[in-house]
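Visitor: Here is what each chain is made of, one letter per residue.
2 protein chains.
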Amino acid sequence: MAKGISSRADNYAQWYVDIVKRAGLADHSAVRGCMVIKPHGFAIWEKIQGQLDHMFKETGHVNAYFPLFIPKSFLSKEAAHVEGFAKECAVVTHYRLKNAEDGSGVIVDPDAKLEEELIVRPTSETIIWNTYKDWIKSYRDLPLLVNQWANVVRWEMRTRLFLRTSEFLWQEGHTAHATEQEAIEEALRMQDVYATFAEEYMAMPVIRGRKTASERFAGAVETYTIEAMMQDRRALQAGTSHFLGQNFAKAFDVKYLNEENREEYVWATSWGVSTRLVGGLIMTHSDDDGLVLPPKLAPTQVVIVPIPKPDPEIMEVAERIAVELKGNGIKVKIDHDPKKRPGFKFAEYELQGIPVRIGIGKRDLEKGQIEVARRDTKEKTMVDIGQETNFIKDLLENMQKDLFAKALAFQKENTRPADNWEDFTQLLDEGFVSAHWDGTAESEQKIKEKTKATVRCIPNDQQAENGVCVFSGKPSTGRVVFARAY
Amino acid sequence: MAKGISSRADNYAQWYVDIVKRAGLADHSAVRGCMVIKPHGFAIWEKIQGQLDHMFKETGHVNAYFPLFIPKSFLSKEAAHVEGFAKECAVVTHYRLKNAEDGSGVIVDPDAKLEEELIVRPTSETIIWNTYKDWIKSYRDLPLLVNQWANVVRWEMRTRLFLRTSEFLWQEGHTAHATEQEAIEEALRMQDVYATFAEEYMAMPVIRGRKTASERFAGAVETYTIEAMMQDRRALQAGTSHFLGQNFAKAFDVKYLNEENREEYVWATSWGVSTRLVGGLIMTHSDDDGLVLPPKLAPTQVVIVPIPKPDPEIMEVAERIAVELKGNGIKVKIDHDPKKRPGFKFAEYELQGIPVRIGIGKRDLEKGQIEVARRDTKEKTMVDIGQETNFIKDLLENMQKDLFAKALAFQKENTRPADNWEDFTQLLDEGFVSAHWDGTAESEQKIKEKTKATVRCIPNDQQAENGVCVFSGKPSTGRVVFARAY
Chain A
1 MAKGISSRAD
11 NYAQWYVDIV
21 KRAGLADHSA
31 VRGCMVIKPH
41 GFAIWEKIQG
51 QLDHMFKETG
61 HVNAYFPLFI
71 PKSFLSKEAA
81 HVEGFAKECA
91 VVTHYRLKNA
101 EDGSGVIVDP
111 DAKLEEELIV
121 RPTSETIIWN
131 TYKDWIKSYR
141 DLPLLVNQWA
151 NVVRWEMRTR
161 LFLRTSEFLW
171 QEGHTAHATE
181 QEAIEEALRM
191 QDVYATFAEE
201 YMAMPVIRGR
211 KTASERFAGA
221 VETYTIEAMM
231 QDRRALQAGT
241 SHFLGQNFAK
251 AFDVKYLNEE
261 NREEYVWATS
271 WGVSTRLVGG
281 LIMTHSDDDG
291 LVLPPKLAPT
301 QVVIVPIPKP
311 DPEIMEVAER
321 IAVELKGNGI
331 KVKIDHDPKK
341 RPGFKFAEYE
351 LQGIPVRIGI
361 GKRDLEKGQI
371 EVARRDTKEK
381 TMVDIGQETN
391 FIKDLLENMQ
401 KDLFAKALAF
411 QKENTRPADN
421 WEDFTQLLDE
431 GFVSAHWDGT
441 AESEQKIKEK
451 TKATVRCIPN
461 DQQAENGVCV
471 FSGKPSTGRV
481 VFARAY
Chain B
1 MAKGISSRAD
11 NYAQWYVDIV
21 KRAGLADHSA
31 VRGCMVIKPH
41 GFAIWEKIQG
51 QLDHMFKETG
61 HVNAYFPLFI
71 PKSFLSKEAA
81 HVEGFAKECA
91 VVTHYRLKNA
101 EDGSGVIVDP
111 DAKLEEELIV
121 RPTSETIIWN
131 TYKDWIKSYR
141 DLPLLVNQWA
151 NVVRWEMRTR
161 LFLRTSEFLW
171 QEGHTAHATE
181 QEAIEEALRM
191 QDVYATFAEE
201 YMAMPVIRGR
211 KTASERFAGA
221 VETYTIEAMM
231 QDRRALQAGT
241 SHFLGQNFAK
251 AFDVKYLNEE
261 NREEYVWATS
271 WGVSTRLVGG
281 LIMTHSDDDG
291 LVLPPKLAPT
301 QVVIVPIPKP
311 DPEIMEVAER
321 IAVELKGNGI
331 KVKIDHDPKK
341 RPGFKFAEYE
351 LQGIPVRIGI
361 GKRDLEKGQI
371 EVARRDTKEK
381 TMVDIGQETN
391 FIKDLLENMQ
401 KDLFAKALAF
411 QKENTRPADN
421 WEDFTQLLDE
431 GFVSAHWDGT
441 AESEQKIKEK
451 TKATVRCIPN
461 DQQAENGVCV
471 FSGKPSTGRV
481 VFARAY
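Each protein sequence line maps, in turn, to chains A and B. The numbering of the first sequence is this note's numbering, which starts it at 1 and goes up by one. The numbering of the second sequence is this note's numbering, which starts it at 1 and goes up by one.
Hints were generated in silico from the structure; no laboratory data involved. Accuracy of the hints is not assured; some may be wrong.
No copy is singled out in the list; a pair is fine if it fits within one copy or between any two copies.
The calculated DMTMM-like cross-link candidates involving lysine to aspartate or glutamate, where the alpha carbons are at most 20 Å apart (straight line), are [said to hold, decoys possible]:
{"no.": "1", "residue 1": "380", "residue 2": "311"}
{"no.": "2", "residue 1": "412", "residue 2": "232"}
{"no.": "3", "residue 1": "362", "residue 2": "319"}
{"no.": "4", "residue 1": "340", "residue 2": "141"}
{"no.": "5", "residue 1": "47", "residue 2": "58"}
{"no.": "6", "residue 1": "401", "residue 2": "222"}
{"no.": "7", "residue 1": "98", "residue 2": "115"}
{"no.": "8", "residue 1": "57", "residue 2": "46"}
{"no.": "9", "residue 1": "333", "residue 2": "58"}
{"no.": "10", "residue 1": "3", "residue 2": "350"}
{"no.": "11", "residue 1": "77", "residue 2": "46"}
{"no.": "12", "residue 1": "393", "residue 2": "215"}
{"no.": "13", "residue 1": "21", "residue 2": "134"}
{"no.": "14", "residue 1": "452", "residue 2": "18"}
{"no.": "15", "residue 1": "87", "residue 2": "102"}
Can you build the whole structure from these sequences, using the hints too?
Guide: Written out as structure tokens, the structure is:
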């Protein structure tokens, strides 16, 4: 156990907080519920952002930016949306401060009250669809495939760094289509982009599925989700993509002239992932010594540490290796600091989750070798100088694959079928449970009350199978995935 | 004059708005003072952001993210800062809405009043220095070189798209240093980064200088600025870099242990540029036919238009040219749309400011030629097929240089010395004026009242020269730059 980190076995929740803080990823701020994302944490978010942005553009999307504030009345325009979002919001009521007469500081100027209060966006469907009204006139303007990278605020009572904070960073895609089918295809395409990103970049296996009616996004006709299993075997909803039907088009009166010159309402989707993914990344791979990062999302992939300390010969080799690795597109840094001992540095880089560490020592160098250590398994290999670039390229690829394989095996092992209430409640303590449910909101609610578990999703690959609901005993035609979730 | 665009001569202010709207860059939103940045405008901002972010990282900075909200009391901690910023702010007073009893929508829940109001950040010195208190313990933690990309809000009564909006996007660097000299060097380094970016990427010449005491950032000891001349010969403050002394360290009690183990206050800088740069870019180069973009910041650099419409042979040539250009790192798109006529497309791409347009027609193709048109001069050249890649590479480089040279010549022509009040007031109508000023806030204020002109900066390259203030007749030792400004 690294200094200052609780073990997962002892206290999983504390372990998570310790990793986030000790690895320099984020911290609480002076503002309740808001976090500071520290440089190391932000560098990981930048990697996530960069790759997702690339994937969005490859699928035809462009970025834009819409206002931070939403007029209060907009929230009420879509009936289901207002129920879901117009609750815990930050509300701007005034636009000016003035000096207190007693000299004690500044106070809110009562004369500067807004006629209509502004809500700090909890999500942007309303302000965006109000804008789309001006952008969409005819079928030629469709599809409209827009994404926004932004901060949003949902006033949360219980917060956890990255996983649930009052302010968070995210992207929200908002698309408009001429037909229902196109919009459904888009929503599914983005679920697929998210799943591909989670599995190929985060090395985090996910279950693709759709939400039950009661777990849907407020205002959606269908919510597609990707669900991941954390190391405590709880579920993390990692991304959602919504088919919104014509709900927002009707609420904001967005119609287009079709090719036959007839007016029709526009079909919509929205989809988002957030800084919550950083939390998921941490909880999927990290261990009691610190952060473990999949190579594709590691801001620094290789660190070179001179042993016992930098000398000209060692530094020359270090520089040469670094140049070669950089030439192969690998992010590398050399630790020049003569004031810290190698052992201290090793622990520090383990804590920070740098995938590969190269140690260069005098004695090894005489044998023409360097030591290469991988972060996930802690395995060390002596590598002949001249072979290190190929070795490290393979190693990074293998780590990426191994991390995914390990996480996938863990998810499979801890996802079990249950066919009666007793098994169901017992297996819920051990992970995900695949079980029959009668499809009613009532049973779903009762199950939640009794077990704290929710239907994570109706899997995309659900098999037709007759059974009976574990709770009600009523008939069911397929299993859904239950779990306790973040 | 392009359809729907006022001419600069007729109505410069309207010309600007027309360009912004007709080129699809931005629009007003339903929220007073807030704009929507449309995909084309956002793509330009992404180019600006990408290059600046690269330059920040090359100079050793890392990104992080701090809360959107600032506790009201924080603003009061630095005396000058509160005077400058705690005025026109968006104030969050409540954190919940509820359904109105009469069913008319949602209302602010009076029970959800915050104990301390939160201010939507107008700039982040206070929340960041409150955080740095925890990050900085000893000289080993310094320098701390952090940047943040964020949205900020300053409640503006009179707004202009990009140039002055209540919400805008920007970056704000906040650095902490062990010594005064290091901090001053950092502030000057960032002024230099901004000037280099403005001149080499935006092709927008700038005057580097420092602000007078009355024009300084609220809380700064010294504000360094870059000032550009727009086509109406008014000044645009395009970026500022502040040496903050120990003001924020003292306000938030941020001390470090130096190498001699003695506690000292930390020295600070902050620096920022914003989406205002997009406004500056537009006003520096565009003409009465639309946007003109320097090639280095053009999201699309070359557009290929088949004439009169796509046919297999033309499309094959178009595809081949596009592949070749892309292989040379040039951003290119082919316009496949058979529904619009070439003349319409030409006008549209001129409006959008795409630097180079290639027309491929049947008859030219028979002669083995294509037509290449450059946006800035409208010059057209017949280019032999096979030569086009080199021709276009050179053309893009030349356009970049020519745009800068043209803007620089314009700035030089319209910056004149004045040695008496009559010349001064007359020349101010024609551009920048280089004049003697007695260095007092009183004269500065009077000049502003009488002429609406301000001291844009005391130039970095100011020559020692004895003279007398154009206003007061009191002695002065060097000229400063006066202008009316955005």
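Visitor: All the hints need checking, so say for each whether the structure fits it.
Guide: Verification of the hints:
1. 380 <-> 311: neither (23 Å within a copy, 61 Å between copies)
2. 412 <-> 232: Within. Shortest intra-copy distance 14 Å satisfies the 20 Å Cα cut-off; inter-copy 67 Å does not.
3. 362 <-> 319: Intra 15 Å, inter 56 Å, cutoff 20 Å: intra-copy only.
4. 340 <-> 141: Classified as between; 14 Å across copies, 60 Å inside a copy.
5. 47 <-> 58: both (17 Å within a copy, 17 Å between copies)
6. 401 <-> 222: neither (33 Å within a copy, 53 Å between copies)
7. 98 <-> 115: Intra 19 Å, inter 18 Å, cutoff 20 Å: intra and inter.
8. 57 <-> 46: Both: 16 Å inside a chain and 13 Å across chains, each within 20 Å.
9. 333 <-> 58: between (31 Å within a copy, 14 Å between copies)
10. 3 <-> 350: Within. Shortest intra-copy distance 12 Å satisfies the 20 Å Cα cut-off; inter-copy 62 Å does not.
11. 77 <-> 46: neither (35 Å within a copy, 33 Å between copies)
12. 393 <-> 215: neither (43 Å within a copy, 54 Å between copies)
13. 21 <-> 134: between (46 Å within a copy, 12 Å between copies)
14. 452 <-> 18: neither (26 Å within a copy, 57 Å between copies)
15. 87 <-> 102: Only across copies: residue 87 and residue 102 sit 17 Å apart there, 36 Å inside one copy, limit 20 Å.
Hint violations for this structure: numbers 1, 6, 11, 12, 14, all remaining hints satisfied.
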